[in-house]
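Single-letter residue listing:
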Amino acid sequence: MSNLLSTMFIATGAMAADQGALEVTANNVANVNTPGYSREIPVLQEIAPVVLGNVTYGTGVTLAKIQSVRDPILQLRIQQESGEQGKLNAFVNALDQAQTLFKSGDGDLASEMSNLFSSVAQLSTNPADVSLRQAVLTAASSLTSAFNNLAKNLSTQRSNLNLNVAESVKEINTLTQQIAALNGKIGALQNVGQDASGFIDQRDNLVAQLSGLIDLSAIKSDSGIALTTSNGTALVTGMQSYNLSAQDDASGVQHVFTQQGADITSQINSGSLAGLIEARDQTIPGLLNQLDTLAAGLETAFNQANAAGFDLSGNVGGNLFTPPPASLTGAATDMAVAIADPSLIAASSDRSAGSNGNLANFSAIQDQPIISGATPGTYYANLVFDVGNDVSNNTAELQSSQLVLQQLQDQRGSISGVSLDEEAAHMVQFQRAYDAAAQVVVAVNQMLETVINMGTVAVSS
Amino acid sequence: MSALRVNPYVLSDLLADLNNTQQQADTSSLQMATGSRINKPSDDPAGAAEMVGNNIETVRTDTFLRSITSVSGLLQTADSTLSSVVTALQRAISLGVEGANGTLSDSDRNDVANELTGIQQQILSLANTDYQGEFIFAGTATVQPFVTDAASPSGVTYDGNAGTNDVQIGQSYSLQVNLPGSQLFTDPQGHVFQSIADLISALKSNTNIGEALDQISLAYNYITGQRVFYGNALNQLQAQQNFLNSDKLDLATAANSTSAADMAKAATDFSQAQIALNAELAGISRISQVSLFDYLK
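Residue numbers (this note's numbering), protein chains in the order written: chain A, 2 to 462; chain B, 13 to 309.
Treat the hints loosely; a few may be bogus.
[Claimed, not checked] Here are some chain A residues the structure puts well away from chain B; computed CB gaps all over 10 angstroms:
1. E24
2. A111
3. S160
4. G262
5. G331
6. A354
7. L421
8. M448
9. N454
[Unchecked claim] Where chain A lies over chain B, by a calculated footprint (3+ residues, C-beta under 8 angstroms):
10. 69-82
11. 170-181
12. 204-213
13. 224-237
14. 253-263
If you're looking for bench data, these hints aren't it; they were derived computationally from the structure.
Idealized CB from N, CA, C, for every residue including glycine.
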């Protein structure tokens with residue numbers, strides 16, 4: 002049987018539901034600028050009807066739950082792309098600094114090499130002239146400084162990257178700890194059937210940050226989300242996080258270790274940590290090796306040329322440059338001119354002071370394939386090409402990765418983003434429904450008054 | 013609610029676009045400022061490598077040109093010195109012819125002989141000419157090449173050597189830049205000092221003057237022949253200088269086409285980026301202003 006009071010309950014229930022829905026709108030509007038926030042929608046549900054005789058009465062509405070709108074697959078794609086972008090970004094940033102050292106112009110390695118050969122050519126026009134001899138030594142020493150500076154700058158960049166690796170490991174540990182803590186909170190709420198979307202949003206956001214740092218694969222389980230690196234190193238399982246650590250190896254290079262002590266430095270494939278490690282362990286050492294090869298090749302060739310002739314006093318020439326180490330490592334960093342006395346340059350081929358015959362051996366160095374089958378100039382030009390190409394290829398990849406990520410974020414926004422227009426419309430909608438329900442309460446109230454007055458009229462009459 | 017939902021967060025996209033446009037503006041303004049479209053190797057890796065080669069070649073060409081300037085000074089000095097020697101020998105020959113005249117008295121012949129001694133001294137000093145502090149007829153030695161030596165039949169000894177120097181004036185193009193004094197002045201085919209000394213003693217003793225004159229003519233012809241070496245070398249320098257200058261022009265043209273910024277394009281790019289930048293900024297300022305909330309009053 003229907004009665005006025007049950008009608009009143011339906012109306013007040015509707016008011017409560019609409020108010021709850023409005024609260025969801027309010028929360029959405031409040032979080033319009035919160036990073037990683039997924040909009041929520043109120044799920045309104047009909048209350049089970051009652052059947053009385055032949056009539057089925059509806060019993061009103063209830064706010065069944067508040068649901069976050071999110072696409073977990075999309076979230077996963079965003080994580081993967083963030084990892085790719087993080088890696089490319091770190092790599093391009095590192096190499097962009099390195100490539101400025103290879104900018105062509107005055108003072109670059111190629112012009113210092115040219116200056117040395119040029120000074121030798123000048124000396125050949127007047128081989129006994131001490132000031133021209135001095136000019137050769139000065140040019141040689143400028144060349145060694147250019148090599149020294151270039152190698153030192155690259156080494157400095159390498160040690161900066163090394164510091165960044167240690168910093169990244171700390172950041173990763175902070176994030177995994179926070180994610181593990183959120184796993185706990187989310188689990189606790191979900192166990193008692195509560196909505197944990199606020200925490201889930203936070204966790205998604207942290208996981209996205211984490212995937213920008215290191216390669217991740219995420220597995221959803223009952224105890225929340227489990228995170229491992231792609232090679233299977235556990236980072237988070239349930240409420241437990243596993244710290245990574247960064248430790249120096251013998252040469253001061255920071256390696257990344259798992260809690261179990263396994264070295265995973267070379268197994269990190271994406272995220273900024275991967276980019277840092279690639280630049281630090283492969284690209285920059287590769288450049289340093291090439292510089293060492295070039296420096297050692299030049300030193301050896303010049304020393305051989307000098308030994309083939311006679312100095313101003315008619316003695317067989319000695320070393321012009323300090324001989325490079327047999328391993329070549331550090332040849333560029335430590336390149337140095339071995340002599341300070343310009344008369345020791347062995348220009349002569351016949352022991353006479355005025356002979357320039359041996360200088361042809363010096364000049365010939367620039368045309369000889371003495372550095373891994375290339376002339377010194379070509380070898381250096383190839384080095385410049387390699388550096389430039391590395392940066393430009395990775396920059397192109399970075400740009401396309403940025404576009405992909407932007408599109409994914411757009412897609413995420415179109416699914417989970419808070420639209421103020423939509424919220425305004427919802428606000429009007431819920432407000433109107435609330436108003437209407439309140440009107441029903443007023444109407445029922447008047448009807449109840451009528452019923453109550455019916456009694457008083459009867460008594461008074 | 014069936015319509016496709018649009019991403020409400022337009023701002024981040026707009027900011028990313030703004031960033032891209034800003035970068036375009038920066039790139040084109042850098043190109044305009046430096047005049048070069050390769051401002052770091054990654055701008056054009058192949059072009060940057062090409063520029064390394066081009067710079068090396070340009071410096072090399074400049075070096076050859078500088079060597080040519082230095083060497084031509086040396087060669088010109090040598091050439092004009094030999095020209096003076098030739099003139100002196102001509103004078104010696106005419107003095108010899110004068111001395112051979114049978115009507116001359118002993119004292120007249122002595123005067124002629126004394127004048128020849130003066131010429132001998134003059135040629136000795138010419139043979140010891142230096143250029144920028146180095147004796148040009150000493151071979152590859154750095155000592156004074158010819159010294160007076162009473163014990164020697166020719167009156168001088170050669171202290172230099174027979175060495176020669178080559179100077180590179182082009183890629184695999186070297187030019188010999190000197191003749192040793194021994195080849196020029198004391199060669200058996202035309203011994204300048206010996207022939208003068210012989211003429212002097214012939215005049216003094218009034219014997220074999222004709223023979224001595226023949227010898228000095230031989231020396232004259234010989235050294236005139238040797239002088240051609242310097243003329244040839246100077247011609248080669250001139251030709252090579254022309255070649256190197258045109259080579260330099262080619263290199264500059266190549267460098268220009270490899271690395272020079274297209275100024276018109278850079279300027280257009282820049283102004284387009286500026287326009288886009290303004291439009292984006294205007295868009296951003298409007299978009300964030302309106303929502304349905306503004307109409308619910």
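*Coverage of the segment 253-263 of chain B by chain A (three or more Cβ within 8 angstroms)*: violated (count 0)
*Is the nearest CB of chain B more than 10 angstroms from the CB of A:N454?*
For A:N454, whose nearest Cβ neighbour in chain B is about 40 angstroms away, the distance exceeds 10 angstroms, so it holds.
*Could you let me know if the closest chain B CB is still more than 10 angstroms away from the CB of A:G262?*
Since the minimum Cβ distance to chain B is about 40 angstroms, A:G262 lies beyond 10 angstroms and the statement holds.
*Would A:S160 pass as off the interface with chain B, using Cβ distances and a cut of 10 angstroms?*
23 angstroms, holds
*Would you check chain A against the segment 204-213 of chain B, counting CB to CB pairs closer than 8 angstroms, and say if three or more residues qualify?*
Per the Cβ count (0), the hint is violated.
*Taking C-beta pairs only, is A:E24 more than 10 angstroms away from all of chain B?*
Its Cβ never comes within 10 angstroms of chain B, the nearest being 17 angstroms, so this holds.
*Report holds or violated for chain A covering the segment 224-237 of chain B, Cβ cut-off 8 angstroms, minimum 3 residues.*
violated (count 0)
*With d taken as the least Cβ-Cβ distance between A:G331 and chain B, does d exceed 10 angstroms?*
24 angstroms, holds
*Looking at A:A111 again, its CB stays over 10 angstroms from all of chain B?*
Check fails; 5 angstroms does not lie beyond 10 angstroms.
*If you look at each residue in the segment 170-181 of chain B, do at least three have a Cβ nearer than 8 angstroms to any Cβ of chain A?*
Per the Cβ count (6), the hint holds.
*Test coverage of the segment 69-82 of chain B by chain A using CB-CB distances below 8 angstroms; three residues minimum.*
Coverage by chain A holds here, the residue count being 8 at a Cβ distance below 8 angstroms.
_Least C-beta distance from A:M448 to chain B larger than 10 angstroms_ = Holds, since 33 angstroms exceeds 10 angstroms.
Violated hints, listed in ascending order, are 2, 6, 7, 12, 13, 14; each of the other numbered hints is respected by the structure.
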